[in-house]
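Student: The chain contents come next:
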Amino acid sequence: MPKIGIVDTTFSRVDMAKHAIDTIRSLASDVEIVRYTVPGIKDIPVAAKKLIDEEGCDIVVTFGWVGKEQVDKYSYLAMSIGLTMVQILTNRHVIDVTVHEDEAEDERKLYYIAVDRARKHARNAVELLFKGGLALRKYAGKGLRQGYRDVGPIRE
Amino acid sequence: MPKIGIVDTTFSRVDMAKHAIDTIRSLASDVEIVRYTVPGIKDIPVAAKKLIDEEGCDIVVTFGWVGKEQVDKYSYLAMSIGLTMVQILTNRHVIDVTVHEDEAEDERKLYYIAVDRARKHARNAVELLFKGGLALRKYAGKGLRQGYRDVGPIRE
Amino acid sequence: MPKIGIVDTTFSRVDMAKHAIDTIRSLASDVEIVRYTVPGIKDIPVAAKKLIDEEGCDIVVTFGWVGKEQVDKYSYLAMSIGLTMVQILTNRHVIDVTVHEDEAEDERKLYYIAVDRARKHARNAVELLFKGGLALRKYAGKGLRQGYRDVGPIRE
Amino acid sequence: MPKIGIVDTTFSRVDMAKHAIDTIRSLASDVEIVRYTVPGIKDIPVAAKKLIDEEGCDIVVTFGWVGKEQVDKYSYLAMSIGLTMVQILTNRHVIDVTVHEDEAEDERKLYYIAVDRARKHARNAVELLFKGGLALRKYAGKGLRQGYRDVGPIRE
Amino acid sequence: MPKIGIVDTTFSRVDMAKHAIDTIRSLASDVEIVRYTVPGIKDIPVAAKKLIDEEGCDIVVTFGWVGKEQVDKYSYLAMSIGLTMVQILTNRHVIDVTVHEDEAEDERKLYYIAVDRARKHARNAVELLFKGGLALRKYAGKGLRQGYRDVGPIRE
Numbered sequence: 000m001p002k003i004g005i006v007d008t009t010f011s012r013v014d015m016a017k018h019a020i021d022t023i024r025s026l027a028s029d030v031e032i033v034r035y036t037v038p039g040i041k042d043i044p045v046a047a048k049k050l051i052d053e054e055g056c057d058i059v060v061t062f063g064w065v066g067k068e069q070v071d072k073y074s075y076l077a078m079s080i081g082l083t084m085v086q087i088l089t090n091r092h093v094i095d096v097t098v099h100e101d102e103a104e105d106e107r108k109l110y111y112i113a114v115d116r117a118r119k120h121a122r123n124a125v126e127l128l129f130k131g132g133l134a135l136r137k138y139a140g141k142g143l144r145q146g147y148r149d150v151g152p153i154r155e
Numbered sequence: 000m001p002k003i004g005i006v007d008t009t010f011s012r013v014d015m016a017k018h019a020i021d022t023i024r025s026l027a028s029d030v031e032i033v034r035y036t037v038p039g040i041k042d043i044p045v046a047a048k049k050l051i052d053e054e055g056c057d058i059v060v061t062f063g064w065v066g067k068e069q070v071d072k073y074s075y076l077a078m079s080i081g082l083t084m085v086q087i088l089t090n091r092h093v094i095d096v097t098v099h100e101d102e103a104e105d106e107r108k109l110y111y112i113a114v115d116r117a118r119k120h121a122r123n124a125v126e127l128l129f130k131g132g133l134a135l136r137k138y139a140g141k142g143l144r145q146g147y148r149d150v151g152p153i154r155e
Numbered sequence: 000m001p002k003i004g005i006v007d008t009t010f011s012r013v014d015m016a017k018h019a020i021d022t023i024r025s026l027a028s029d030v031e032i033v034r035y036t037v038p039g040i041k042d043i044p045v046a047a048k049k050l051i052d053e054e055g056c057d058i059v060v061t062f063g064w065v066g067k068e069q070v071d072k073y074s075y076l077a078m079s080i081g082l083t084m085v086q087i088l089t090n091r092h093v094i095d096v097t098v099h100e101d102e103a104e105d106e107r108k109l110y111y112i113a114v115d116r117a118r119k120h121a122r123n124a125v126e127l128l129f130k131g132g133l134a135l136r137k138y139a140g141k142g143l144r145q146g147y148r149d150v151g152p153i154r155e
Numbered sequence: 000m001p002k003i004g005i006v007d008t009t010f011s012r013v014d015m016a017k018h019a020i021d022t023i024r025s026l027a028s029d030v031e032i033v034r035y036t037v038p039g040i041k042d043i044p045v046a047a048k049k050l051i052d053e054e055g056c057d058i059v060v061t062f063g064w065v066g067k068e069q070v071d072k073y074s075y076l077a078m079s080i081g082l083t084m085v086q087i088l089t090n091r092h093v094i095d096v097t098v099h100e101d102e103a104e105d106e107r108k109l110y111y112i113a114v115d116r117a118r119k120h121a122r123n124a125v126e127l128l129f130k131g132g133l134a135l136r137k138y139a140g141k142g143l144r145q146g147y148r149d150v151g152p153i154r155e
Numbered sequence: 000m001p002k003i004g005i006v007d008t009t010f011s012r013v014d015m016a017k018h019a020i021d022t023i024r025s026l027a028s029d030v031e032i033v034r035y036t037v038p039g040i041k042d043i044p045v046a047a048k049k050l051i052d053e054e055g056c057d058i059v060v061t062f063g064w065v066g067k068e069q070v071d072k073y074s075y076l077a078m079s080i081g082l083t084m085v086q087i088l089t090n091r092h093v094i095d096v097t098v099h100e101d102e103a104e105d106e107r108k109l110y111y112i113a114v115d116r117a118r119k120h121a122r123n124a125v126e127l128l129f130k131g132g133l134a135l136r137k138y139a140g141k142g143l144r145q146g147y148r149d150v151g152p153i154r155e
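Residue numbers (numbering that gives the first Met the number 0), protein chains in the order written: chain A, 0 to 155; chain U, 0 to 155; chain V, 0 to 155; chain F, 0 to 155; chain S, 0 to 155.
Just so you know, these hints were derived from the structure itself, not from any lab.
Take the hints with a grain of salt, since some may be wrong.
Note: identical chains are not told apart, hence a pair may lie in one copy or across any two.
Stated by the list, open to error - In silico EDC-like pairs for lysine to aspartate or glutamate, Cα to Cα no more than 20 Å straight-line:
no.: 1; residue 1: Lys137; residue 2: Asp14
no.: 2; residue 1: Lys72; residue 2: Asp101
no.: 3; residue 1: Lys119; residue 2: Asp71
no.: 4; residue 1: Lys2; residue 2: Asp101
no.: 5; residue 1: Lys67; residue 2: Glu104
Please build the complete structure, drawing on both the sequences and the hints.
Tutor: Structure (structure tokens):
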């Protein structure tokens, strides 16, 4: 049975993993889900690596929440480089779902962004897991967005 | 038969891969093309790595689309570092075609940049694939540009 | 007996490790603690790596102190990338406790932030050490903060 | 016979490699030179790696040209990190000669900077190749500059 | 006999290595010192790596000098990431002594910073070499500074 890893944080202000797991369950009943919670975004890469190496996950989805300060953005950069390295070293996808606190002034808006992004990327993960690099071909260049409405392709 | 990998995203607003494949086909009938579509730029490096490791691609061309925000630029940086690592670890070229949404105000202009860049780098990839490091010698220092008109060399 | 590594610096203006060790001792009497002091933050990653490789530590907590200048932030970024690599290469958590001198104007405030952050992350480390990725599940998405009061989850 | 690798780009507006090769030839008749031309700076690290791994080069000199925009600087950073990794993984020097388009308003000035930098670093490469870490000892702390006049040491 | 590696540059305007070596000699007569001079900071990481791998150095001290421009800071970042990787891959400390030209307007002040920083970090290296992670324990959290006067710990 294919295995999806989920990494989330106690720093986040929205339980994005819950929504993602809900989406995964609705799309595929035949997957095992392993969830791993860490304190903050800089703890995410090793958790993803452990889920792949030690739990045998085929794909991982991570849920980060990033503050507004410049140093938070540097932490985001370090995490992103780390997640890229995890993927390169394991040849497994780690789909990163990150919400930045300065994406919206309004908490309600931020909540919507987080849930929408989590659900859509959960769907992406399921697609990649079951159908690989061909799965998303039909959406190539289509201007899809997660957390926002799709913007669509530029007309020729 | 030599194999070219293509990685593109659903985030992009232009189907650059289509144009690149068209160019490759017009230049070389004897290459196999494998295409891999991922959600966004941070998913590109591992896809390129998988095309090299698992599909045996000799060279890869990637098509990224980057938003206007500072965090998008950090994601671009993480992807760029990742693509560099993929190349170093495999000794294979990964030619990166990236369009930044703030390169042009006008959508039509952005579309032109994307297609021109995709086609020119597809040509670069074919040259490198068939003739290696000597292929582009005649253009060394010539101020070539992709997405824009060539600026040419500075006159002595 | 499980082993926790502690890395701190002479650059720091607060002995955070002392408070972290105090917290660890209060939570778990059955752990060995190995402490390693280095000059500054850029010396931290290798110390963490050595504690894992040479001392057999199961988890490491690091205590950094970062100046106000832009170059200090770049050093923070280099350290963060380094710590991520240490974790990825060893599959061990390295919980990073960093205080930035510009987090507070007032020294007393800065002291409070440092001690609170050290104690809370020491607790996180103990939780992860003994209960793994399930330990923090109940706090996922709860908006926990270290150095500050928890902000809590966003209400749906 | 020792082997020097040369990597340059079609993006550059000055054929720096020509001047560097000229300098190398004037200093050492007994070296083999292998030249590799790539599209832009992000293609440089893997070319340097291939020259070392596949062509057996003992040292490599690379010639990059960087645009004025912030994203160009991030590409420069990714290339620089990549070149550092190539060196660390191979234990070979890769001397990087980079010209930034915003170093001078005037094209003539930029041309002078590029040629001067290329020639001086070609000399550095020859010195390191034949005499190793002792070669440049006499200039340690002397405030040498490439592309500009030497500024000299600070007087005690 | 333990071996200390020294890496410095021709770009630097102060011969920091001379002062560091003087300090090392005054503290420990029983160490071998190997010195390696490179052009600039981006050449430092591989030199440190070679001193460890090829010369068997137990610890390395590096002396960098960084210009005032933003691209100089990116080079500093690339070097710092590189030095971190060298340390992680070898499990050896590389103590980095960097002076930024914009740390002081006055050349005399800059000279003082460079020498003070070089001497104090040379002492740190000797301490770590002979006594390991316990050597600096007594200064943990004490607010030590190199290049400036110690600021001391924050009083509780």
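Student: Indicate, hint by hint, whether the structure satisfies it.
Tutor: So, going through the hints one by one against the coordinates:
Taking identical chains as interchangeable, the C-alpha atoms of Lys137 and Asp14 lie at most 20 Å apart only when they sit on different chains, with a minimum of 10 Å there against 30 Å within one chain. With identical chains, the CA atoms of Lys72 and Asp101 are at most 20 Å apart both within one copy (11 Å) and between copies (15 Å). Proximity of Lys119 and Asp71 under a CA criterion of 20 Å is satisfied inter-copy only: 19 Å between copies versus 25 Å inside one chain copy. In the homo-oligomer, the alpha carbons of Lys2 and Asp101 never lie at most 20 Å apart, since the shortest distance is 33 Å inside one protomer and 39 Å across protomers.
Taking the shortest Cα distances, Lys67 and Glu104 sit within 20 Å of each other both inside one copy (11 Å) and across copies (18 Å).
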